[in-house]
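Trainee: Protein chains in written order, with this note's numbering: chain C, 1 to 413; chain P, 1 to 413.
These are computed hints drawn from the structure, not numbers from a lab.
Hints may contain errors.
No copy labels: a pair is met if it fits in one copy or bridges any two.
The list that follows gives simulated cross-link-like pairs (lysine-lysine, DSS-like), each with its CA atoms no further than 30 Å apart [said to hold, decoys possible]:
(1) Lys238 to Lys97
(2) Lys104 to Lys408
(3) Lys131 to Lys393
(4) Lys284 to Lys4
(5) Lys362 to Lys238
Number of protein chains: 2
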Amino acid sequence: MSNKLIGACIFAQSGGPTAVINASAYGVFVAAFDAPEITRVLGAAHGITGVINDVLYDIDKEDRDELRLLLNTPSSELGSCRYKLADPDEDDTDYKKILETFRKYNVRYFFYNGGNDSMDTCSKVSRYLEKVGYECRVIGIPKTIDNDLYGTDHCPGYGSAARYIATSVAEVCKDTYVYDVGTITVIEIMGRHAGWLAGSASLAAISCAPPDLIYLPEVPFDIDRFIDDINRVYAAKKKCLIAVSEGIRYPDGSFVSEAKISTTDGFGHYQLGGLASTLAGLIKMRTGAKVRGIELSLLQRCGAHLASQTDIDEAFQAGQFAVQSAVAGETGKMVAFERLPGPEYKIRMILQPLDIVANVEKKVPREWINAEGNNVTSEFIDYALPLVQGENKRVLEQGLPRFAQLKKIRAVP
Amino acid sequence: MSNKLIGACIFAQSGGPTAVINASAYGVFVAAFDAPEITRVLGAAHGITGVINDVLYDIDKEDRDELRLLLNTPSSELGSCRYKLADPDEDDTDYKKILETFRKYNVRYFFYNGGNDSMDTCSKVSRYLEKVGYECRVIGIPKTIDNDLYGTDHCPGYGSAARYIATSVAEVCKDTYVYDVGTITVIEIMGRHAGWLAGSASLAAISCAPPDLIYLPEVPFDIDRFIDDINRVYAAKKKCLIAVSEGIRYPDGSFVSEAKISTTDGFGHYQLGGLASTLAGLIKMRTGAKVRGIELSLLQRCGAHLASQTDIDEAFQAGQFAVQSAVAGETGKMVAFERLPGPEYKIRMILQPLDIVANVEKKVPREWINAEGNNVTSEFIDYALPLVQGENKRVLEQGLPRFAQLKKIRAVP
Numbered sequence: 001m002s003n004k005l006i007g008a009c010i011f012a013q014s015g016g017p018t019a020v021i022n023a024s025a026y027g028v029f030v031a032a033f034d035a036p037e038i039t040r041v042l043g044a045a046h047g048i049t050g051v052i053n054d055v056l057y058d059i060d061k062e063d064r065d066e067l068r069l070l071l072n073t074p075s076s077e078l079g080s081c082r083y084k085l086a087d088p089d090e091d092d093t094d095y096k097k098i099l100e101t102f103r104k105y106n107v108r109y110f111f112y113n114g115g116n117d118s119m120d121t122c123s124k125v126s127r128y129l130e131k132v133g134y135e136c137r138v139i140g141i142p143k144t145i146d147n148d149l150y151g152t153d154h155c156p157g158y159g160s161a162a163r164y165i166a167t168s169v170a171e172v173c174k175d176t177y178v179y180d181v182g183t184i185t186v187i188e189i190m191g192r193h194a195g196w197l198a199g200s201a202s203l204a205a206i207s208c209a210p211p212d213l214i215y216l217p218e219v220p221f222d223i224d225r226f227i228d229d230i231n232r233v234y235a236a237k238k239k240c241l242i243a244v245s246e247g248i249r250y251p252d253g254s255f256v257s258e259a260k261i262s263t264t265d266g267f268g269h270y271q272l273g274g275l276a277s278t279l280a281g282l283i284k285m286r287t288g289a290k291v292r293g294i295e296l297s298l299l300q301r302c303g304a305h306l307a308s309q310t311d312i313d314e315a316f317q318a319g320q321f322a323v324q325s326a327v328a329g330e331t332g333k334m335v336a337f338e339r340l341p342g343p344e345y346k347i348r349m350i351l352q353p354l355d356i357v358a359n360v361e362k363k364v365p366r367e368w369i370n371a372e373g374n375n376v377t378s379e380f381i382d383y384a385l386p387l388v389q390g391e392n393k394r395v396l397e398q399g400l401p402r403f404a405q406l407k408k409i410r411a412v413p
Numbered sequence: 001m002s003n004k005l006i007g008a009c010i011f012a013q014s015g016g017p018t019a020v021i022n023a024s025a026y027g028v029f030v031a032a033f034d035a036p037e038i039t040r041v042l043g044a045a046h047g048i049t050g051v052i053n054d055v056l057y058d059i060d061k062e063d064r065d066e067l068r069l070l071l072n073t074p075s076s077e078l079g080s081c082r083y084k085l086a087d088p089d090e091d092d093t094d095y096k097k098i099l100e101t102f103r104k105y106n107v108r109y110f111f112y113n114g115g116n117d118s119m120d121t122c123s124k125v126s127r128y129l130e131k132v133g134y135e136c137r138v139i140g141i142p143k144t145i146d147n148d149l150y151g152t153d154h155c156p157g158y159g160s161a162a163r164y165i166a167t168s169v170a171e172v173c174k175d176t177y178v179y180d181v182g183t184i185t186v187i188e189i190m191g192r193h194a195g196w197l198a199g200s201a202s203l204a205a206i207s208c209a210p211p212d213l214i215y216l217p218e219v220p221f222d223i224d225r226f227i228d229d230i231n232r233v234y235a236a237k238k239k240c241l242i243a244v245s246e247g248i249r250y251p252d253g254s255f256v257s258e259a260k261i262s263t264t265d266g267f268g269h270y271q272l273g274g275l276a277s278t279l280a281g282l283i284k285m286r287t288g289a290k291v292r293g294i295e296l297s298l299l300q301r302c303g304a305h306l307a308s309q310t311d312i313d314e315a316f317q318a319g320q321f322a323v324q325s326a327v328a329g330e331t332g333k334m335v336a337f338e339r340l341p342g343p344e345y346k347i348r349m350i351l352q353p354l355d356i357v358a359n360v361e362k363k364v365p366r367e368w369i370n371a372e373g374n375n376v377t378s379e380f381i382d383y384a385l386p387l388v389q390g391e392n393k394r395v396l397e398q399g400l401p402r403f404a405q406l407k408k409i410r411a412v413p
């Protein structure tokens with residue numbers, strides 16, 4: 001474990017961007033610059049495809065002050081990909097190219113920052129390199145706004161998206177009380193397979209009020225029960241604020257967002273907009289009330305201006321810890337967070353074997369959702385609230401965000 | 001002009017909410033508390049309807065620290081209305097009730113905070129009171145994210161909405177470059193009659209890049225030219241970021257958002273979502289590219305977390321100036337901003353006659369839009385950029401916004 005391994009490192013970003021994935025990049029860069037074992041710091045363009053195609057950037061040649069701005073720059077600065085590597089036993093073409101790149105630059109450290117699929121990539125690369133006897137330490141760094149990665153208390157990216165959602169829902173909540181007329185508002189929130197993001201809408205209670213109803217993918221969706229729930233709330237207060245996860249499904253497993261719900265608009269047309277507008281049309285038809293559908297869309301994953309400082313710090317530390325662990329001899333692992341017991345929120349960094357993390361989705365526990373399946377419990381709030389803490393220290397230029405502007409100089413071996 | 005008028009004041013909010021309309025409320029309250037002539041400070045619930053129905057709150061009984069939080073509380077805290085007063089010569093029912101309320105509480109000052117329609121209300125009330133010989137000073141305070149009020153350089157509310165839009169478009173801009181695949185993104189921005197808000201998307205240039213194309217209601221919309229524009233940009237860079245105003249219209253004056261555009265999805269269905277999803281469907285059909293539609297929706301008018309401090313300060317000062325002007329003897333006027341010449345941004349408060357302001361819409365000058373009608377010029381940016389300056393000093397509680405929580409104690413005469 002303690003043998004010194006000298007060589008270059010490659011860092012790459014994969015999967016959907018977040019508000020803080022670049023903070024992990026900065027953590028990796030800072031720690032790699034500091035490690036005497038790491039001779040060169042490279043960044044791959046567009047995830048593993050940049051490694052396969054030898055499109056690498058010389059991070060050493062970037063201005064350090066500019067790199068620091070990565071802490072508050074949303075999106076994946078090096079570019080990302082959604083590329084699934086084949087099983088190396090069936091087709092090793094990509095792996096040979098990866099190995100070629102690694103040899104060309106004497107890469108001995110590989111850091112891959114992503115979600116479930118990316119940990120699968122990471123795991124496959126790690127096993128392949130081991131099999132062919134090429135010494136290289138591979139560490140995964142978690143990232144996903146969806147928070148559905150197994151083996152970690154939570155994921156970098158989630159806290160900031162949750163803060164964006166809670167703040168936006170609180171502001172919309174204020175807005176819905178402006179007019180003295182009945183209104184129903186449906187807010188569509190990301191999260192294809194788990195309800196962590198939709199559940200975070202409940203944090204709007206701190207500022208205004210929680211949504212009256214929250215629907216997560218963990219509970220099978222029933223349209224009639226949904227309308228009954230709304231009618232009950234609306235009858236009592238002439239307002240109804242609803243958060244729905246984009247991932248809600250019917251009992252047969254099909255996504256509500258993909259179903260064609262007839263809104264019988266007189267022409268027998270179907271709603272072709274997003275889930276929020278589909279449901280808004282349906283509610284309007286079934287209740288006759290004034291309904292507005294709002295889709296938080298991309299904004300919730302790129303809203304760096306609302307990133308929680310806790311999330312930024314943890315994302316940064318996860319990057320640092322990945323490098324420090326690899327230098328210390330670790331490989332084939334993913335950085336994970338363990339929440340420590342006690343009244344105050346505290347985590348420590350641990351490592352989890354890549355193969356137990358890859359391709360498993362962590363759901364919201366059923367007991368954190370109320371019995372009716374239309375809201376979350378206080379356990380959920382206790383879990384999520386510490387993650388949205390801390391105003392970030394973003395840099396402004398003329399009143400608007402100053403993002404990192406990297407030179408992205410192509411590396412030559 | 002300098003006769004002392006002693007009595008109560010009523011402040012009311014009308015029309016769509018903004019991120020800073022409550023800052024104007026706070027300006028009115030602070031100045032009214034300070035004015036010896038004003039014996040009592042009342043707030044009407046839901047605009048003029050609260051005056052008509054005698055639903056008033058005793059602002060004097062509110063906690064001062066809580067009132068101060070109005071500076072960063074979005075939405076209309078007293079409630080708003082969209083209520084059009086009849087012509088008093090045809091039907092004076094409402095006016096009689098207003099007069100009754102005014103007499104009951106000895107109201108001698110009336111401050112009405114709103115947009116075009118609200119200035120019409122304000123103007124009618126002012127003329128009626130004059131006609132019946134009830135001495136009361138009436139001052140309008142401008143407010144509208146749409147920025148389409150005549151007689152003022154700009155409106156409180158616009159700068160903050162513009163800052164929300166520019167920041168969000170900049171973050172989406174970063175996000176669109178993540179994957180190495182072609183994408184077209186259409187962002188729908190509010191502004192039914194004028195393109196001030198859609199134009200503010202151009203400020204994203206400070207952080208990332210301006211939208212490739214911006215369409216305002218001031219230029220008649222041509223679908224074929226729109227598709228040609230997109231094809232040209234997309235062919236050159238495999239990306240295209242488009243901002244459209246919800247108010248774009250065909251040459252015959254009909255709103256594009258209301259037209260049914262066949263997307264021939266195989267079933268002959270029409271898009272029933274918002275404009276963004278309608279246009280996204282159309283672009284997809286005509287270009288074959290991957291397209292995403294994003295509607296900024298309510299978030300742009302209630303996004304207090306991104307309010308510009310310049311806007312908050314000006315909204316507050318507009319409220320103060322309204323009270324000070326009324327106490328000094330002015331009536332039948334609206335507070336307006338005059339931008340002073342010189343290299344540095346500076347405004348001064350002036351008063352405009354209500355009747356020249358009411359019901360007129362201020363458009364973006366044609367010469368601030370490029371010849372092709374698909375973007376704004378540098379004159380637009382020079383105009384809008386000073387208005388988005390200054391990070392606001394919002395108060396947080398557990399990482400989330402701490403909004404004002406008023407007691408709203410019903411007033412008795």
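Trainee: Now look at each hint and say whether the structure bears it out.
Mentor: Hints and how they fare:
1. For the identical chains of this complex, Lys238 and Lys97 are inter-copy neighbours only, at 27 Å across copies versus 62 Å inside a copy, given an alpha-carbon limit of 30 Å.
2. With identical chains, the CA atoms of Lys104 and Lys408 are at most 30 Å apart within one copy only, with a shortest distance of 19 Å there and 72 Å across copies.
3. Within a single copy, Lys131 and Lys393 get their C-alpha atoms no closer than 45 Å, and across copies no closer than 57 Å, so neither meets the 30 Å cut-off.
4. Taking the shortest alpha-carbon separations for Lys284 and Lys4, neither the intra-copy value of 66 Å nor the inter-copy value of 54 Å comes in at or below 30 Å.
5. Neither within a single protomer nor between protomers do Lys362 and Lys238 lie at most 30 Å apart by alpha-carbon distance, with minima of 36 Å and 36 Å respectively.
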